[in-house]
Each structure stands twice: as structure tokens, then as C-alpha cells.
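*Asks:* Chains as they are written, first to last, in this note's numbering: chain A, 2 to 297; chain B, 2 to 297; chain C, 2 to 297; chain D, 2 to 297.
Be aware that one or more of the hints could be misleading.
Intra- or inter-copy, both count: the list cannot distinguish identical chains.
Unchecked claim - Taking lysine-lysine and the DSSO-like style, the derived pairs with C-alpha atoms no more than 27 Å apart in a straight line are:
| no. | residue 1 | residue 2 |
| --- | --- | --- |
| 1 | Lys244 | Lys229 |
| 2 | Lys151 | Lys135 |
| 3 | Lys198 | Lys244 |
| 4 | Lys238 | Lys134 |
| 5 | Lys244 | Lys135 |
| 6 | Lys198 | Lys147 |
| 7 | Lys198 | Lys107 |
| 8 | Lys276 | Lys229 |
| 9 | Lys147 | Lys135 |
Hints are computed from structural coordinates only; laboratory data are not their basis.
There are 4 protein chains.
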Amino acid sequence: MHTDAIAFIGLGSMGAPMAQNLLSSGMPLTVYNRNAARAEALAAAGARVTASAAQAVSPGGIAVTMVANDAALEAVTLGPNGVADTLGQGGLHISMSTVSPETSRKLAAEHAQRGSLFLSAPVFGRPEAAAAKKLWIVQSGSSQAKVRAKPVLDALGQGIHDFGEDPGSANVVKLSGNFLILSAVEAMAEALALVEKSGIDRSALASFLGQTIFACPIYQNYSQILAKRAYEPAGFKLELGMKDVRLVRDVAEQVTLPMPLADLLHERLLASLAKGRQALDWTGIELVSAEAGGLR
Amino acid sequence: MHTDAIAFIGLGSMGAPMAQNLLSSGMPLTVYNRNAARAEALAAAGARVTASAAQAVSPGGIAVTMVANDAALEAVTLGPNGVADTLGQGGLHISMSTVSPETSRKLAAEHAQRGSLFLSAPVFGRPEAAAAKKLWIVQSGSSQAKVRAKPVLDALGQGIHDFGEDPGSANVVKLSGNFLILSAVEAMAEALALVEKSGIDRSALASFLGQTIFACPIYQNYSQILAKRAYEPAGFKLELGMKDVRLVRDVAEQVTLPMPLADLLHERLLASLAKGRQALDWTGIELVSAEAGGLR
Amino acid sequence: MHTDAIAFIGLGSMGAPMAQNLLSSGMPLTVYNRNAARAEALAAAGARVTASAAQAVSPGGIAVTMVANDAALEAVTLGPNGVADTLGQGGLHISMSTVSPETSRKLAAEHAQRGSLFLSAPVFGRPEAAAAKKLWIVQSGSSQAKVRAKPVLDALGQGIHDFGEDPGSANVVKLSGNFLILSAVEAMAEALALVEKSGIDRSALASFLGQTIFACPIYQNYSQILAKRAYEPAGFKLELGMKDVRLVRDVAEQVTLPMPLADLLHERLLASLAKGRQALDWTGIELVSAEAGGLR
Amino acid sequence: MHTDAIAFIGLGSMGAPMAQNLLSSGMPLTVYNRNAARAEALAAAGARVTASAAQAVSPGGIAVTMVANDAALEAVTLGPNGVADTLGQGGLHISMSTVSPETSRKLAAEHAQRGSLFLSAPVFGRPEAAAAKKLWIVQSGSSQAKVRAKPVLDALGQGIHDFGEDPGSANVVKLSGNFLILSAVEAMAEALALVEKSGIDRSALASFLGQTIFACPIYQNYSQILAKRAYEPAGFKLELGMKDVRLVRDVAEQVTLPMPLADLLHERLLASLAKGRQALDWTGIELVSAEAGGLR
Chain A
2 MHTDAIAFIG LGSMGAPMAQ NLLSSGMPLT VYNRNAARAE ALAAAGARVT ASAAQAVSPG
62 GIAVTMVAND AALEAVTLGP NGVADTLGQG GLHISMSTVS PETSRKLAAE HAQRGSLFLS
122 APVFGRPEAA AAKKLWIVQS GSSQAKVRAK PVLDALGQGI HDFGEDPGSA NVVKLSGNFL
182 ILSAVEAMAE ALALVEKSGI DRSALASFLG QTIFACPIYQ NYSQILAKRA YEPAGFKLEL
242 GMKDVRLVRD VAEQVTLPMP LADLLHERLL ASLAKGRQAL DWTGIELVSA EAGGLR
Chain B
2 MHTDAIAFIG LGSMGAPMAQ NLLSSGMPLT VYNRNAARAE ALAAAGARVT ASAAQAVSPG
62 GIAVTMVAND AALEAVTLGP NGVADTLGQG GLHISMSTVS PETSRKLAAE HAQRGSLFLS
122 APVFGRPEAA AAKKLWIVQS GSSQAKVRAK PVLDALGQGI HDFGEDPGSA NVVKLSGNFL
182 ILSAVEAMAE ALALVEKSGI DRSALASFLG QTIFACPIYQ NYSQILAKRA YEPAGFKLEL
242 GMKDVRLVRD VAEQVTLPMP LADLLHERLL ASLAKGRQAL DWTGIELVSA EAGGLR
Chain C
2 MHTDAIAFIG LGSMGAPMAQ NLLSSGMPLT VYNRNAARAE ALAAAGARVT ASAAQAVSPG
62 GIAVTMVAND AALEAVTLGP NGVADTLGQG GLHISMSTVS PETSRKLAAE HAQRGSLFLS
122 APVFGRPEAA AAKKLWIVQS GSSQAKVRAK PVLDALGQGI HDFGEDPGSA NVVKLSGNFL
182 ILSAVEAMAE ALALVEKSGI DRSALASFLG QTIFACPIYQ NYSQILAKRA YEPAGFKLEL
242 GMKDVRLVRD VAEQVTLPMP LADLLHERLL ASLAKGRQAL DWTGIELVSA EAGGLR
Chain D
2 MHTDAIAFIG LGSMGAPMAQ NLLSSGMPLT VYNRNAARAE ALAAAGARVT ASAAQAVSPG
62 GIAVTMVAND AALEAVTLGP NGVADTLGQG GLHISMSTVS PETSRKLAAE HAQRGSLFLS
122 APVFGRPEAA AAKKLWIVQS GSSQAKVRAK PVLDALGQGI HDFGEDPGSA NVVKLSGNFL
182 ILSAVEAMAE ALALVEKSGI DRSALASFLG QTIFACPIYQ NYSQILAKRA YEPAGFKLEL
242 GMKDVRLVRD VAEQVTLPMP LADLLHERLL ASLAKGRQAL DWTGIELVSA EAGGLR
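Use the sequences and the hints to build the structure in full.
*Replies:* This is the structure:
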């Protein structure tokens, strides 16, 4: 079955380098993207480009999806000429997008009805990390799905972390991670405003933190971006951050958990959107703190 | 002048190992602690123990203070038989406690009137780090004070980070750091509750975070404490965390900056104190999130 | 056309007394309720009871709906044998439930396609106010719809307040009103805890407020309920309050507006639900404040 | 003893009309104000004007204070030539300023040591209400003090509400009231932004609320100010609102009670001050909500 090409659907800023890595690992690849232009570089590298998701998928084969949101994932999977009907008996769908746990559970059930497997496998890392095979992958789903997906995931990241059988679990972990990252951004934004208003150099605080008590990449990189207010070009757009925090709040409501810090982040994001900052990097929520302190 | 003994005042869980390190570095030491029993181990190691702060201090010499809070620092410095009057012309006061920037500015002015120098030099690190000379020291004050204090600080930590001439600046940085740490705790607490209520193992999330996107000690250590709810014995008591967040809010009010995340932390701490948890580790604010979600 | 009976759909704690008032005003009435038992009292008073919504509705006639939520309203209107298809050309649908503005806009468009009118007309008031014709009605929609609905609304309330042509506007006003009421509850809850923890009689504060600076029914009634913690039986269930605050947050997100106070109310409601308090009166969110202060 | 003149200290926008009312009631009055110009109108009306607080006060007589804040009250009471020492044995101090409960308790104890009584009696109402004898007065302290103060208070307000013996209680009630009022402002501000961003007339919502579910003066008056954003001239300055919310937070911390809504109000006030709005009416916090929604 592995002689069949793997179908890779969704060639955005994350999907394109991931697909490239599968090709580089020697896996035959069929690719589909709504905007065909993005598939050209992969065609040059040996991928077969198709005109629909269904054409990319082989019955009983493997399909990897990396699309923008829940609606896009549902459309490509369950829509007419979708992945689910085409994969059918014996297939495997590896879903790597950041979506809600509910969508994963629903798709897993739909695939099960058709005799195919579903693995939820979202990733942590920016496009550069994707290109460098440095993604962190979190997975959840059936053991069979994990075994069969392993060579594909190994070719994409630097480590796979398992969160059990519920196909929604990996999504909850991915959303929790993004929540934690943006919480760190908010905390740094408030601290940087506090030192700036106290007459202290913002950059000095940022450097100190990254070299000492928070010597890990997220604090090191983000504190520099925040100290300089370097929100363009965006590494991860603010409007995508909003999508993720919205999903965090949805899960929190479903499991009946108050998350005041998630609410605060949502307020920061909404205020940013109300000022037309959807295309800034998501760290740009810092401007809301700065403005509230009269710094701009 | 360096042949005089250094006076070390305040032998709590941080001060005692710090004083020990000065002794081990070959510096003659005179020590004072309100509770004399805590001075015995240092006496055994060669320190001279005195019955008052004033007796420990040599005119024109160096005094290091590591006491509980602003009131204690003011009392020991400006009270009868205090450090300020005794040090007098040519002295140096190295103040390492976590106090408000205002107190540092006030003490610096008082010392200046008496012809002595004042260096604000609070530290990051728990008692184990103090014992291992692994403290991170932040300093601010006059250049003269920094030059003269350097050998002392070098004997206490693994690095000195400078924040300029305003004696209050180092305190603002120290308070900002503690604010950032407790913000990370709150974020982890909410995320852990979210995964637990979603049926996912808390410890699995903690391990994942520490190994991947937050591979720095604060996330690694605190996520484990939080996952296990291991709040006793306290590494840093919740009531001390309250003191520090209160100081953060005081500075924010003075510089006219809203800090909603600091307010949230204050609410968590107050709720913890209202339930009698002042002696738990400050990470114990997690229980408030858990209880709000019906987890306990 | 007015000789046709008016169809009244939804005989819950609000709908039943409202339908009764239409009957008492001499309007012929056909009623439908999912749970038929609730229709008996109205049958005894002269209403014709039908087995489906469609059977209650006369083509070209008037249908009033007072159902639990958006899903119920959509089902009864657009589902098989729904109000929309049955009303058809020349009909009028008066929608009095608390639903989202989006649902009203959608239903108005669906009715327009079928040649019928739609009026959004939610109400303020508890069941006792409904029985006493003391409801406050807010309306929005086309002028034609308002003219034709007027006799019906006059028979139900003590005043009609108009908010223009957008069928969603009345819903936004209704949701804003409930947001304001629950905000007052939260404020009173915090104030009552403050005085109680200061050794002052809660009831004394409640009486003072209602007699002086807040001499209006919401503060008068709710401060007494809150002072006594008399949350059972529920006048308006906490889980219904959650539904409304959820709708407020949905609108806020759609119009890109941060509403931190709405977020706080949502946190209070979620914490209440997590403790199994869905059947308490919505003022029962007070318990969350009290518990956070160690009062219970 | 009642033949002695009553001393009235503090002739600000509230104190001046209150003193005028005592004169109009036929009570002989001696007045003192730091800024002597403000005493002229009262002199014309028959008051004796003195050059210090001490000169205004008769030993064993009655002194009424209505000053700006805790510091001013302490200075005028306990400072050199202060009210306390001059009143002495058999005197009564009626303290009507908005101050902390701690200050009242401290002053009551100081007076007791000198054989005089202290009554805490802060008021609700703006200057117009003071002029019209329409203040609501809340009191706490000893029974003796209440009996002797009654004729004075009767001449100043439309009702006295008693909160027991603890001299701090009346202050807690006063602070709670101001907290409730500003909470209502914040709620209205958010609701008005929600309707405005939904395309609905702000003034229509304001009128509706005041006529229906919130038919009491605070909602009626403030909703109109908010709808029109008429924050100048200030009825009650934003910086005074900040003082009061700061006192609320201080009490909350002393009694160990989280008050997230008070924290939100404080954030709104701080953001307003950071934008230089200290002289606007305190309802001007609304601008923060509006700006966060991109409305200005």
C-alpha cells in the first residue's frame, strides 16, 4: 500500500515546506491546493499536482491535510469529492491543521464509517521550523493509525508526543500550547510597559529575560519582537491567533471551565482587530497594553 | 578599606546561603539576624555574630542587606542604630531584598546625605540557587557603587545584569520578573485544567511543554509541581508572592499603567489567602482555577 | 384577515401567561407546545390546541413564537411543517424569544422570500410581569410588521420601544438589557461580600441601596435575593442566563468589541455550572464571589 | 453646649452648600477653609470665618469636616492646631468626607483618648443634592455620637441610614456605593458600545433603560451623559473616582476579598489617567470601552 503516493492537501506557509520534506524523504507525493500557483514549486520537485482533493487521494492510501480552519477541513474531507469518500476502506487521514477537538472527533467517526483511520496530528512551529523538520508533533487517535502514520510524521518533525486515543485530545493540547504562548506574550507586554514607563530600556529587560530565567526560544524571540515592536511582517498573523483563542474558549465552555486569562487574550485580540491590525503578527496585541498606558 | 569585614544583615532562607558563599570566598564577614539562632551555622563557619545591625557595620565599610520587606529594610537602615548612620562617609549599602523602587530611591537619598553609596541589587533564584552561587543579580545605582560592589556580587551569583543609575530600576526589573513567573503559573494552571477536564493526563501536558516549546527551568519545574499539585513544602510562600504582586500593582499605579494580568494574579492570590493557603507554595494559586472548574 | 385566530407557539413560563392575555383580550387563539400538557389550561380558557406548529398557523395569518432558544426558533420556523411555509404570502411572524440578532435577520429574510413579514419583539419581565401585562417590549423590523403587530403587543405589555428596521436590533437591545441586569448582580455580589467581610449586615446594605441611590425594582428585588442568598426557586434559571451571556459575547465578537465585564459574567456563570448550579436563579452567581472570599 | 457655634471645616463643592444649609437652619456656624476665598459667601450669610481649623473649633463643641481625602482629614484632625486637641473633653467630630475605614477607626480612637466622640457620616449626592438638602447620609459610631449629631445631619440630608458602632462601617458602605455606581457606568459603557457597533442609536438605548428596567436616577442621568459623551464639565472628577476605587481595593485587600469588577474599574480609570483625562467626569471611563472597539 505504501507504494501509493501520499496525498498532501493544503500548501500554505506551513503545508508547502512540510510537503517538500516528504518529497525529500523519498515519498511519492500527490498534492492539491485550492490556489494552484502554490503547487508549482512542488511540481518542479517531483510532486504530481491534481485539480481536486479527490484526485490527489488513492483509495486505501494516506492523505495528509494542512488547511486553514475547521470549515476548510470539513469541506475538503466531507464535501463532494472529499477525502473521506475517496480514501474509503483501508485509508488513513492524517489531520495536521489547528482545529477544534469536536471537528476531529466528528471526522474520525465519519472515517470509521467508511473503514478508514483518522489521526489528529497538529504541529508546533513556524514555517522555518517546518522547513527544517523541526516541528513538534502532538498526536491522538487509534494505535493502528499511529503505527501507519509514523514514517510520515518522522519525516516532518523532530519529535512525536502522544496524547491517547481520543482524536480530539491532540487538538486540545495544540490549543493549550498556543494559549500558553500568547499568555506569555501578554505577560511580557505588560512587563515591558511597566519598565518603559519606569524609565528603563525595554530591550534591556528583554535581553535579561532570555538569558536568565526564561532561556527558551519563545521568550527569547518574542521578547525581542515585543521590545522593538517589530510586528511586520507577521510570522503568525493576529487574525489566526484570534481563531485559535476562539477555539480555546469554545473548548473551555464545552468542558465548563472558566479561563479568565483566555478571556483577557480574547479582549486584547478583539481590540487589535477593531483597530485594523489583523495582518500584524499576533504579538502585536502588545500595542493594546502600550496604548492603555499612554505609551503611543 | 576592604580589609574591613563585610556586614551581612538578614539570614533567612536566602540570606544564610548567600552569607556562607561570601565566607567561602574568603571575605571576612560580620553577620546579624533578628533571630540569633539562624546565625549559629555561620558563626561555626567563621563569621562574627553581632547583637545589632549597627554593631555588624564598620564605618566606611560595606553592608549587605537581605531582609523580608520594605518595612524591615527601612527599619534596619534608618531606624535607631541603623545601617545608614553607622556606615556614614565612604560606606556602601548593597540592598538585595525584593522591595519597592520607592524604598530604594528613598534609601539612596538618605545614604547620599551621609556620604555613602547605595546599590540596589535584588536577585532571582530559590535557596538552592543561592547556595550554588547560581543567582541572577540585577543592579542599578551609581557607577562607583557598582565598581565597589562587584567582588561581593561576583561571589554570590552567576551573572550581574545592569539597569542603569536609578536605584529603583533594579527593583522594577525584579518585580517584573516575579510577575512574569507567576503569570506563567496562571497560564499553566488554566491550561492544565483545560486538558484535565478534556480527559487528558495533566502530567503528559507538563512533560510535553518542558521538553518542547517551553524548555526552560521555570516551565519545566513549575509545570511538574502544578501537574502533581505538590504545593507543600513551599519553595516560595504564597504570602510572599502576594507581597510581590502588591508591589507590582503599586508601581503600575504610580506610573499610571493598567496591568489586567497583574490584577488577575492578585485576585488568585487573595482567593488563596481567603482559604488559608498562605503557607503553600505560590504555585498553589492553581487550586483556584481547578476549583472554579469543579475539579476539586 | 384578523378574524383568523392568532397562532401562539411556545407555552413555557413566559409564553403561557402571554397567551392567556391574548385570550383575555378577546383574540381567538390557536396554541401549540411541544409538551402538550402545558396547553391544557389554555384549552380550558378557550384556545384551540393543535398537534403541530403548522396546524396552529393560518396561511396569511399571525404567528407569535416564544420558545427556548435559537435552535428551537429555527426548528419551529424553518423545519418541516414549520411556521414559515405555512404562513406564506401575507403572513406575520412576531418573534418574542430571546435569540441572536443573526437568527432574526435570517428568519426575516426567509419570511420575505415567502411574502410574509417578520417582527423581532423580545420582552423584559419575569413570568409575574407577563401575567400582569407588565412586560416591556422592544421591537425592530419593517413598518408594516409593526403596524399589524401593534394590537397583539399592546395586549401583552405596558409599553413598546422601537429600535428601527434591522430585525436584529431588538435582539441586541434585549441582550444588552440582560447583560446590564447581570452586571448589576455581579456588582452587588461583590459589594455585599465586601460589607459582610467588614462585619456589616448584608441586609442593611441591600435595604439602603434600594431606598436611596438605586431605587428601581432590579436593585430592590435582586439586592434582597442576594442579601438572603435565596436562589431557589429560580425566577430565571442560571443556565438561561448563561445562554444569554453567550449570545452577548457572540454579538460582541461579530461587531469586534471587547466586553471585559461580559467576560467576567461568563466566568462567573461557568464556575456556577461547574458546581452544578444550573437550576439556581441566575443571581446565584453571587456564590462564586462569596466563596472566593472564603465566606462559605 | 449647643449655644456654641458648630465648626465646619472644608468648603469645597460639597462642603459649601452643606455649611450654607446649617446656617439656614439657624445654627451658628464658624467656618474654616484652606483657601479662604471660598469662605466669603458664607461670611456674607452670617458665618464667622477663622484663619485655622483650631480657631473654628470650640472646646467641647461640635466640628464637622468635609475635606478632600484621608491625608487632609488626618492633617486637620491630628496635625498641629488640629481639631482633636482643640475639641478635647466632651467634643464631637462628625466626619463626612469619603475616606478609608481605617482612618475613621484611627481618628475615633484618638478622639476617645481625648474624651471626645467621633461619628463617621459620609454622604451620597452631588453638589446640587447637597444644596437641596437631598443628601443620603450613612453613619456609624457610638450611640452617644449619633444622638448628638442628629440635628446637624437632619439639616443636611433627606435621610440617615445607620450601620452600627464600628466607625469604619459607614465608610465601607460609602465606598461600596461608589463602587456600585461606577460599575453601572462600566456596564452601560459596554452596552452602549455594543448597540452602537450594531448600528443602533445609543440615545435610544439610554432612554429605554431609564424609562423601563432601570428607572432610577443613576441610570437615567448617567445613561444620558454616556450616550452623548458629555464628560465636561465634570460633576465628579475622574481623579476623585480613582481615589475612591483605590480605597475600595485597599479595603478588599484588608478583608481578603477578590473583587474582579473593582479591578476592572481601576484598569479603566488608570487608562483614562494615562490619556490625561483626570479632569473629565468619572463617567468618562466610557471612552476606554469605545476606543477598544475602534469607535473613536
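*Asks:* Does each hint hold? Answer for all of them.
*Replies:* Now the hints, each set against the structure:
In this homomeric assembly, Lys244 and Lys229 come within 27 Å of each other (Cα to Cα) only inside a single copy, at 25 Å, whereas the closest approach across copies is 31 Å. Only within a single protomer do Lys151 and Lys135 lie at most 27 Å apart by alpha-carbon distance; the minimum there is 16 Å, versus 41 Å between protomers. Taking the shortest alpha-carbon separations for Lys198 and Lys244, only the inter-copy value of 21 Å comes in at or below 27 Å, while the best intra-copy value is 32 Å. For the identical chains of this complex, Lys238 and Lys134 are intra-copy neighbours only, at 22 Å inside a copy versus 42 Å across copies, given an alpha-carbon limit of 27 Å.
With identical chains, the CA atoms of Lys244 and Lys135 are at most 27 Å apart within one copy only, with a shortest distance of 24 Å there and 41 Å across copies. In the homo-oligomer, the alpha carbons of Lys198 and Lys147 lie at most 27 Å apart only across protomers (24 Å), although the nearest pairing inside one protomer, at 51 Å, exceeds that limit. Proximity of Lys198 to Lys107 under the C-alpha cut-off of 27 Å is restricted to the inter-copy arrangement: shortest distance 19 Å between copies versus 50 Å within a copy. When the C-alpha separation of Lys276 and Lys229 is checked against a cutoff of 27 Å, the pair qualifies both within a copy, at 20 Å, and between copies, at 23 Å.
In this assembly of identical chains, Lys147 and Lys135 lie within 27 Å of each other by CA distance solely inside one copy; the values are 19 Å within and 43 Å between copies.
In summary, the structure agrees with every hint in the numbered list given earlier.
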